[in-house]
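Student: Listed below, chain by chain, are the residues.
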Amino acid sequence: MRFTILAGPASEPGDARGRALAVVSVDGPRDIAAAAWAATGSHVLLLAPGARPVPGALGGLSTLGDRFGVLGGALHAAGARLFGWMLAPAGCGPLPFELAPIVAPARDARVEAAIRGNVDVVAPGMLLVDRRLLLEPLPADPVAAALELCARARAAGREVLCRPSFGCTAPALDPDDRGRSAALRAIAEARPELVGHRVRVRVPLPPLCVLVHGPGAELAARRARDLAPRTAVRVVDDPAAALRAEMRMRGDRYLLLADGASLPDAARYAKLVEALEAQPYVAVSAPDAAALDGRCVLLALGRFPQHVTADGATLSDALATLTTAASALRRAVRAPGYASPPVGPAAPRRATIVFLAASLPEIMRLTLDAVVPAVRVNDELVAVCAQGAQTTRRILAAYPQLRIETDAADPLLTDGANRALGAAERELIVLVADDVLVPAAALDRLRDAFGRIPALGAAFPVVPGATGGEGVTDVTYADLTQLHTLAERRRAERAHRLEPIDSAVTPVLAVAREALHAVGGIDPAFGPTRRGIADLVAKLRAAGYPVVRCDDALVHRFDAALSHNPAAAAGTHQRVAAADPACIAAGFDPLARIPFGDAPPTARARDRCDRADRPHAVAVPVAGAAELDRAVAFLAAVAAVFDAGDPIRVHLLLDGDVSPADAVARVRPVLAAAGRPLDETVAVRIERVADLSVWRSNCEAGQRVVVAAGYERDALDGLRAVDARALGDLLEPALS
Amino acid sequence: MRRHRTHEIIAPWSTGTPVLDASRLAAVRVEPVLRQRRAALSLDLYLAGDDGDTIVPLVLVDPAMVIDRDRDPLVFPFETPGDDRFALGVADRILPHLESLILRGERVVEHVLFLAPAPRFRAARAVGCFGAAPLRHSLTRLAPYRYARRFVRGRSVQIDAPDAVGGWALLRGLCAAGVAASRRDAAAMAWYGDAPVAAASAEVAILDAGADPGDAACVLRLDPATDFGRTDPSAFTVEVVDPLPLDVGLVFDPAEGPVRRWFAVERAPEPDVRVAPPRAPATAGSSAGRIAVIAGRADGRLRPSADTDEADALIAALRAEGFDAPADSAAHELNGADLVHVVGTRDGRRVRAIVEQARRAGIPVAVHAYDEDAAAGGWWGVEVTRYCFEYGSDEGDVATYLGLLAKRAVTVGEVGTDVPYAPDAAGVADASVALCEASVVFVATWDEAESLRQRTGRKGPIEIVVPLAAQADPSPIGRLVGSDRFALVHAPIGPIWNQLLVARCAADASIPLVLTGPVADASYLERVREFGGAGLIVLPGEPSAGTAAALRASAGVVVDAAWVGDGGSRLVAAVLAGAQLVVAGRRRFDVPGVALRRFDPADAVALTRALGEAWDEALRGGARLPSDIATALAPAAAARSIVRAYASIVAAVT
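Protein chains in written order, with the numbering used here: chain A, 1 to 736; chain B, 1001 to 1654.
One should not assume that every hint holds.
Here are some of the chain A residues that sit facing chain B, going by a computed Cβ distance under 7 angstroms [said to hold, decoys possible]: (1) G91; (2) P96; (3) D176; (4) D177; (5) S181; (6) Y281; (7) H496.
Hints listed in this document are in silico derivations from the structure and should not be mistaken for laboratory results.
The beta-carbon is built from N, C-alpha and C at its ideal position, and this holds for glycine as well.
Using the sequences and the hints, build the whole thing.
Tutor: Structure representation (structure tokens):
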């Protein structure tokens, strides 16, 4: 292919000279137009100021064919390559589109395959252009000029192509781009066809599942396989049931429901995807409102929270349920002709407040006194405490508005907490540990967040020093009086400010009942510890519920050494991994739901299939006095369930400042209380351990090692955690 | 209530008792706009009262926040009356409409949501009033009045021109303005308020074509029927760019877009220009030789700054000494030079290449270092400061982020303060090598010399010289900036020079600010206009030497807040021009006998305080510059030191 070169100032055609019919120096739009008029040949090579082709850029031009109007490539500048722009729709802007740059690092070759082909707007630098497209002057701004040129090409029925190898080096685009916005507006006003025209760069789309139903489904299913790269296609007889089955586990994926006659072709499917991807809050798209009855609907499953189900006897009913739910959750349904049903303001949510009483009585009384005034009309207040905690129970009994639940065995109160959570009757469930002081109105702020975000899963207050997303570091106060003052000020200054968070670890949160019921309660393996709360948050997010921090609600969590709160003490030794985006994107598996009642969770039961005949070693690491207190309670539970004849040995591992003598002094009475001679009680070994990982490796050789729930350590990471309630499972037959 | 302090045009106003009852909201004008180059919505609220109305223009909305309400979606102008209850009540009435608009996904066009009968709103919309009509139209109408702000402060103003009542509303807080009786349009008066009738004469006249200005000292002529440039060469024409709100709002720079209208400044009094100390006579030297003076950055001529001024001053001084010093020596034109002098080390790679090329050719090299160890916080500030404004979607956020900035607690990506940071393009290591290998290095202060030796390990000579200042006769500037004192920043407009923080602080302190210089980053300029308040004057493009001299001689305060400095040339010029200096603490600049107000360029509070003190001093007249200091600062004196250093290194080479 030969062409005329129109060379901007300081550009250098390099290898291109060999193909040049002529080389003409140009400076500005009028020069370019004049040179295009004068040029011979069908194409011109346009070199921007300072541009120079990279070696080999001009190879293979003969394979382009004659359909293209503009060929662009990569503009190499400042360590990056610019390939052009996508015209993304901008519904709320004064321009009908916005230019989204397509950029890659200089040495990243992987992107090229995805970029090669049609593109909305080529990058300026070096362009091979049908000469006729340049006969009228282009805008002076290089980006506007590229946009106009590509628009002209399309208007003339020509292709606009990007070939990454067709690259040049050139100065980076000047940050002094004054006038660009005005130039783009002028183009948009002159070319209304630019609205809605968009060729997406082929970024990986979520996996697609296609359910085809009705007459002609078999044939259509074959076509459906080519709609997207990662597509699973099924022909279904009962599409409503199939839809419900697909929605059991959602995650970041698309579901296309179509009857055999209405299955979209690739272009129509691309339009549906485009509508869905236009904004993160679009949940449903369809070619038109009528197609929403199941003829052709594309759903973004991850945008429906787990509790929303496609209920209905027919497919049409099921989809109507979904679209109605979408509107209520402020999710968009994009189907021409569809009008969302009016949604009234959200009713205020009543709350069930579950108060976990496990700290020292003085602390507990202080925090409970703060919670009680936060109870509103029609709220319910439940306190959970250990069955044997007589002092705590006496204190709780002094509050007539409070219902008491007890936990028979677990010092972390997991079982009691889950029962209270499961029995909660109000729309909002607030979990508050008694080592957290909740200043006035903080709970109202949490409650308020649910009124503004209908799909909200959980809301945390700000917890100074916490390690999760609810934690902040820039808040300091000397005493509780200052805390209250600060909380008051924060409430005014940061009113209604929510911060979406990825993780949280503090047991003080408000959670939507429907969300909690979808994911289940607190995992007994962790209890309401840092890890247990982080696990709950991860599940909520995977199930499609946002989790936020309310910046206008400030609380204080007492130090574990002061409160003697077992969950807090357990948490200090836990390692909480960062939330895994892949797990969140995969969606929530209902098998992982933690039942609120006594039935063991199915998934966990399945995990226990690997039992063997080897004896069990139950590790109970004890670092301080608070842990020793909890360990004693745990040992009491063990001693009640097992005796010397069982293949169980409890290892009290002293890895802190507790002396063996102190431990023995506390343990012996507990074992004796089981009513058996000491040599018939469950075997307990008390040992000082400097390095838990060494102990673990020695122990694992001959025994099956588990760790007492709430006593996690980094060195014991990966071991199954057993809470007091589940001790019996250790020797139960395996479930399949 | 979330509030913003951006895009200040006319603050919310009431024509009667303020209406703070959301149920009285009668009309909401919705307009899609660009804010920080992203789509946003601008709302004008009209609340109808019994004895007058309340108008709250420019309530900003991020469309995504209407759906995901992790903040209150409505951000009100800072001066909006009312409290949280009012804001929530307004939101309750508006958000369902916005929500359905956004969820539908159709393109949003400018429209009005009527919630109650609003005849006064309709009438105001029909005549293009701000707050009722599309911004593109109302801003164009108000543009001449915005320009007139620089002339009217504390003066009597007579308005007899189109949109007179709107102009009065825009200027009413600044001056005693009145409107010609024939211009008191009923719809506009009902909208903006009861504009008084203008007196027969005034100090400032804003007139339509043909009206008689009388003896007004300042005259603006709107929409003249004739082309000023041809019929009246003395007229100064100002072009109004077609707005693309909000990023391109009230702008008078034709580079920003097509010109929508124009007006003329027929008369404007000149500011009180301080008399500069007499220039030291340039002694004709008898030196000989060819010296290539080369800028330390490639865009030194395209975007001149203080380093460019110093290079020019050096060339002039060398010529006066008898040297052959061509202007605009290029890096590849060293052959034939007897000595190479590089001014600045901003582009380390370029400077190192020049130094090494010169050494290979056996040519001695002198370097003006401008060394501030920019990797130790300077480049960090360049990177992060603008984000403190851009991430903050309301005034509370901005204040919080600026607080963090002052504590150096802002990190963007890998750019933090815990480890030195400089962008690749700065070539910091190369600059150090160049400074180490140069034959002689010139610095401005002893501290700079010490720090440079420690950091680069340089053993060779380092000479301390006063920066060379450009000198020129002042040109008239009254029509550009008015006749009142102002604070001045003269530098390229971009993140390096930190004008955004200066503009914010000047607005905080209600100090009129003039920014001038070539535009290095247009989006940054948009932010400066966004946060700079109504008193900001931007003169984009490098001013002529005469204009720059006049600006310095008229400015009360000259500010250098740059994160990475370009040398002290313009500061010396400002000292000689008698301005008060407010200088970033990082700057290696010191003039014995001259009081500088230093501040941390990350600390908005410190900058505001320094600006206020300097402004106060400037208004009180300041102290005259002692003649011995003026003599010491004259370029000829600095040039002699430089030539002596040349002599020593040439002798060493030969």
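Student: Min Cβ distance, A:D176 to chain B: is it shorter than 7 angstroms?
Tutor: holds, 5 angstroms
Student: Minimum Cβ distance from A:D177 to chain B below 7 angstroms?
Tutor: Holds: closest Cβ of chain B sits about 5 angstroms from A:D177, inside 7 angstroms.
Student: Can A:G91 be said to touch chain B, with a Cβ gap under 7 angstroms?
Tutor: holds, 5 angstroms
Student: Close enough to count: is the Cβ of A:P96 nearer than 7 angstroms to one in chain B?
Tutor: holds, 6 angstroms
Student: Hint validation: A:H496 versus chain B, beta carbon distance must be below 7 angstroms. Holds or violated?
Tutor: Hint holds; A:H496 Cβ to chain B Cβ min 5 angstroms, cut 7 angstroms.
Student: Given a cut of 7 angstroms on the nearest C-beta pair, is the interface hint for A:Y281 held or broken against chain B?
Tutor: Hint holds; A:Y281 Cβ to chain B Cβ min 5 angstroms, cut 7 angstroms.
Student: Per the CB criterion, is A:S181 less than 7 angstroms away from chain B?
Tutor: Cβ of A:S181 sits 5 angstroms from chain B, so the hint holds.
Hint violations for this structure: none, all hints satisfied.
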